[in-house]
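Asks: Here is how the chains run, residue by residue.
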Amino acid sequence: MQLNKRYTSVWWLLATTLAIVFVCSMSWGAIVISLHDVFSSVSNYFGGHELTLDERIFLNIRLPRAISCLLVGASLAMAGVLMQALFRNPIVEPGLVGTSSGAAFGASLYFVLGATFKFNAGVWTLPIAASAGGAMATVFVFALSHRKEGTQSVISLLLTGIAVNALCLSGVGLMSYLARDPQARSITFWNLGTLSGSSWNSVLLIGISTLVCLAVSLRYAKALNALAMGEDEALFLGVNINRLKISVVAITVCLVAVATAFVGVISFVGLIVPHLLRLMKGSDNRFLLIGSALMGGILLSLADLAARLLLAPAELPIGIVTSVIGVPVFILLLRRNKHYF
Amino acid sequence: MLRLENITVQMGSKKLLDSISVDFYPGKINLIIGPNGSGKSTLIKVASKQIAPTGGNVWYENKKATDFSFQQLARCRAVLSQHTEIAFPLKAWEVVMMGRYPHFTTHPSRADEQAITQAMDYFDVVALAHRDYATLSGGEKQRVNFARVLSQVWYPVPGKLRFLLLDEPLTFLDVNFQYQFMRKLIELEHKDDLVIVGVVHDLNLASQFGDSILLLHEGKAMARGKPAEVLTADNIEKSFQIRPQIFSRGNSNYISF
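As given, the protein sequences belong to chains W and L, one line each in that order.
Numbering of the first sequence is given in my numbering, commencing with residue 1 and proceeding in unit increments.
Numbering of the second sequence is given in my numbering, commencing with residue 1001 and proceeding in unit increments.
Keep in mind that the hints are not guaranteed to be accurate.
Stated by the list, open to error - In silico DSS-like cross-links for lysine-lysine, where the CA-CA straight-line distance does not exceed 27 angstroms:
#1 W/LYS245 x L/LYS1049
#2 L/LYS1226 x L/LYS1091
#3 L/LYS1091 x W/LYS5
#4 L/LYS1160 x L/LYS1049
#5 L/LYS1091 x W/LYS245
#6 W/LYS245 x W/LYS281
#7 L/LYS1064 x L/LYS1160
#8 L/LYS1220 x L/LYS1184
#9 W/LYS281 x L/LYS1091
#10 L/LYS1064 x L/LYS1091
#11 L/LYS1220 x L/LYS1191
#12 L/LYS1049 x L/LYS1063
#13 L/LYS1191 x L/LYS1238
#14 L/LYS1049 x L/LYS1014
#15 L/LYS1064 x W/LYS245
Hints in this document: simulated from the structure, not taken from any laboratory.
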C-alpha cells in the first residue's frame, strides 16, 4: 500500500511558476528593465562602476520590491494556513484575531500623532508603530477571550476578535477624521496596502521573520494535523494544546505584524492560497506551509504586477487587487461549504 | 494496572465523582456502566488525563499520570471517542497515521508504516485507505478510528503495559457493528500487556462481553465485579430507576425492560 504522497510535481510546478513570475516582476513596471540591464547592474555594482538610471532603478527600487512581494506573500499565506489549522476552519484569515486592524490603528496613530509626541526612529518608526499595534490588539483579543480554567474557546476567540477589530477600525476612523490632508492620504493609502515603499531594509526584516517563522512552524505541523480532529483527540495523541495555541498565535502575529508594518493591510492572500493548495494535494500542514510560502509569493507578485500595470504609470493599491480576487473566492467557498458554519 | 485512587471531581458544589478507587487489570475487558450523569465519561476523562481530578491520583503502573508529559503518555495510552469529525479533507490512511504521531518527529519510520498497515488490515479498512475520511459512513469512520487508536499502541514494550480507553465507542453504531467491535475487543483481550477500559451504554453488551463491570451511580461506585454479580435486578433498579427482568441462557444473562 502506498502510504506517502508524492509532492515532487507540485514542487516543480510551484518553483517554475515562482521563477517566471519573479523575472516578470523584476522587469515590468512603469519602465521596462531588460534582462541585460539586470545583469549589467549587478556586475557594475560589484565592479564599482558608475550605474545608469535604469540600473539604479532596478537595484534600489525594482529588485527589493520584487523580493518583498515574495516574502510578504509567503508570510500572509503561511499565517493563513496556521490560523485555519488552529481554528479548524478553512475560511479563517489572520485578520480575524485583530492583528491587521491593530497594525492599521498603530500606523494611523503614528501618521497623525507621531509628530506631536516626537516619536521618531527613522525608517523604522512606521514598522515599529504598526507591529506594536498588531501585537497589542492580538494580545488584547487573547486576554479577553481567556477563561478561568486556562482554556481558550475558538468561538469566543473569534467573537472577541470581531469586537476588537471593530474597535481598532473605529480608531483608524477617528484618526482619519482628526488628520490633516496629507496625513489622511497616508492613512488611506497604507490601509489599502502598497509595496511601492519597499527597500532593502524591509526586505531584510521581512526576510528574517518569514524564514524563522517557516522553520519554527514546520515543527508544529504534525500537532496542527492532529488538531483537525479536535482538541480532545489531539491531546490524546500527545499534543500540549495550550502551548500549541500560544506558539501558533505568536508565530502568526510575527508574520502578519512584520509584513503589514512595511506594506500596509493586504487581505485575502491568507485565505485563497491555502485553499488552492488543499485542492491540489490535500491538507497535510507540512505541505501546506511550504507550499503556501511559495504560492503566496507567486500570488502577491501577480497582484503587484496588476497593481503596477493596470493604471501605468499610476499605481493601484495592491489591497484593492487582492480584495477583488479574494472576495469572490471567499463567497464561493462559503456557498459551496455550508457545513463550515 | 491502571489505578484510580480516591478520585474526586467537583464542579461548583456538585461532586461528579466522589472518592472513587478502582484498579483495572490487563487481560480483561473492564467495562463501566451507569445512568446518564453518573460520572462515566468524567471517569474516563480523568483516567486519560484529559481533565485533572479535584482530588486523588491516577496511576499508570507505578507512575502518576501527572508525571507523564502528554507525549510520553500518548506513547502507551490510546483513547477511542464516540465519534470524530475532521475539519479538513484527509485520506483514511492519513487519519490512521496520526495514531503514530507520538512515535515519530517529522517522517514516519518503516515500523510506523507497518503498524498502520497491520492495524488497517485488522479492522478491514485497507480498501478505504485512499478514500476521503469525510465521505465514509459512520461505521467505516469508527473502524478507521479504531485502527488509528490501536496503531497508537501497536507494539508491545517489554516490561511495560499498554492502555486502551474507550469512551462510549459504540453509541453511533448499528447492532451489527457493535457486535463486530466487541468481538475485536475479545481478540485483543488475549494480549496480556493491554489494559482495556471502556464505557458502554448497552447493558446486554456489558453482560455478554465484560469480564469486570463497574456500576456507577451519582458519582459513586455502586458495585464492582463479574457481570452476573453486578447486573442484578436490584442494582439496575436502584441506579437506573427501572426494574428489569433477567433471563439466563447458556452462560449469559439477558436483561429486558
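Asks: Would you mind marking each hint as holding or not holding in the structure?
Replies: Structure-based check of all given hints:
no.: 1; hint: W/LYS245 x L/LYS1049; result: holds (19 angstroms)
no.: 2; hint: L/LYS1226 x L/LYS1091; result: violated (41 angstroms)
no.: 3; hint: L/LYS1091 x W/LYS5; result: holds (11 angstroms)
no.: 4; hint: L/LYS1160 x L/LYS1049; result: holds (19 angstroms)
no.: 5; hint: L/LYS1091 x W/LYS245; result: holds (25 angstroms)
no.: 6; hint: W/LYS245 x W/LYS281; result: holds (25 angstroms)
no.: 7; hint: L/LYS1064 x L/LYS1160; result: holds (15 angstroms)
no.: 8; hint: L/LYS1220 x L/LYS1184; result: violated (30 angstroms)
no.: 9; hint: W/LYS281 x L/LYS1091; result: holds (11 angstroms)
no.: 10; hint: L/LYS1064 x L/LYS1091; result: violated (36 angstroms)
no.: 11; hint: L/LYS1220 x L/LYS1191; result: violated (30 angstroms)
no.: 12; hint: L/LYS1049 x L/LYS1063; result: holds (13 angstroms)
no.: 13; hint: L/LYS1191 x L/LYS1238; result: violated (35 angstroms)
no.: 14; hint: L/LYS1049 x L/LYS1014; result: holds (21 angstroms)
no.: 15; hint: L/LYS1064 x W/LYS245; result: holds (26 angstroms)
Violation of the numbered hints given earlier is confined to hints 2, 8, 10, 11 and 13; the remaining hints are satisfied by the structure.
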